[in-house]
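**Student:** Take these sequences, add in the hints, and give me the full structure.
In the order they appear, the protein sequences are chains U and D. Residue numbers for the first sequence follow this note's numbering, so the first one is 25 and each next one is one higher. Residue numbers for the second sequence follow this note's numbering, so the first one is 422 and each next one is one higher.
Rather than coming from a laboratory, the hints here were simulated on the basis of the structure. Glycine included, C-beta positions come from ideal geometry on N, C-alpha and C. Mixed in with the good hints there might be a few duds.
Claimed, not checked - Computed far set for chain U versus chain D, every beta-carbon distance over 10 Å:
#, residue
1, Q30
2, V35
3, T44
4, E66
5, L68
6, A77
7, K80
8, S82
9, K84
10, E87
11, G102
12, F113
13, D117
Said to hold, decoys possible - Chain D regions said to be covered by chain U (calculated; three or more residues, Cβ under 8 Å):
#, region
14, 451-465
15, 491-498
Claimed, not checked - Stretch by stretch, here's where chain U covers chain D in the computed footprint (C-beta under 8 Å, at least three residues):
#, region
16, 431-441
17, 525-533
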Amino acid sequence: GNSVTQMEGPVTLSEEAFLTINCTYTATGYPSLFWYVQYPGEGLQLLLKATKADDKGSNKGFEATYRKETTSFHLEKGSVQVSDSAVYFCASDTGRRALTFGSGTRLQVQP
Amino acid sequence: DVKVTQSSRYLVKRTGEKVFLECVQDMDHENMFWYRQDPGLGLRLIYFSYDVKMKEKGDIPEGYSVSREKKERFSLILESASTNQTSMYLCASSTPPRDGEQYFGPGTRLTVT
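**Tutor:** Structure, rendered in structure tokens:
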């Protein structure tokens, strides 16, 4: 079945630093890929998605590009803010309506 | 806005008790999901449902059952709670063709003692 691997956290950055959170997937075929974010005390929210190779998803300054050749979907942001502190989950669809999630990466942004 | 609500934010139960976790969504979504979230393991799918009275096992269904009698409501049942079921439980919903765009509830933190 599908699997998703994320870099382990926590990732600690200063405000305005550049962020990369790595995500790779294994799957048969070309699944849609997603990034979800979980703020403290809340459920997950969809951050961005990409449905085919070379698609770039973007939202709130975050971007991720679907790279078929490296089976990757790394999350990037040019300048993080304290309010971006959260847990970020990469996910892949399974072809049967459900998602497979990575283990999550905690981001801490310091002022 | 889509809203997914869960019956409790925190729950403490004893080993062997029957536990019901309720989830309600208000956007007429066809798909509903139950996940458990554990540190270092991310979210793992327990069960999902794509229609009333329909259910499919996820990756870790052992020790759980579900019920979906109405479209808006999806219940997770722990027939006999055990300490290894202490976890955060998250409910989500979505609808075709955007099955992967899931809307999550705030979660129920269940402690089994």
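**Student:** Hint by hint, note whether the structure agrees.
**Tutor:** Here's how the hints hold up against the structure:
no. : hint    : in the structure
1   : Q30     : violated, 8 Å
2   : V35     : holds, 15 Å
3   : T44     : holds, 19 Å
4   : E66     : violated, 6 Å
5   : L68     : violated, 4 Å
6   : A77     : holds, 16 Å
7   : K80     : holds, 17 Å
8   : S82     : holds, 15 Å
9   : K84     : holds, 16 Å
10  : E87     : holds, 18 Å
11  : G102    : holds, 25 Å
12  : F113    : violated, 6 Å
13  : D117    : violated, 4 Å
14  : 451-465 : holds (count 8)
15  : 491-498 : violated (count 0)
16  : 431-441 : violated (count 0)
17  : 525-533 : holds (count 4)
When held up to the earlier numbered hints, the structure conflicts with 1, 4, 5, 12, 13, 15 and 16 and fits the remainder.
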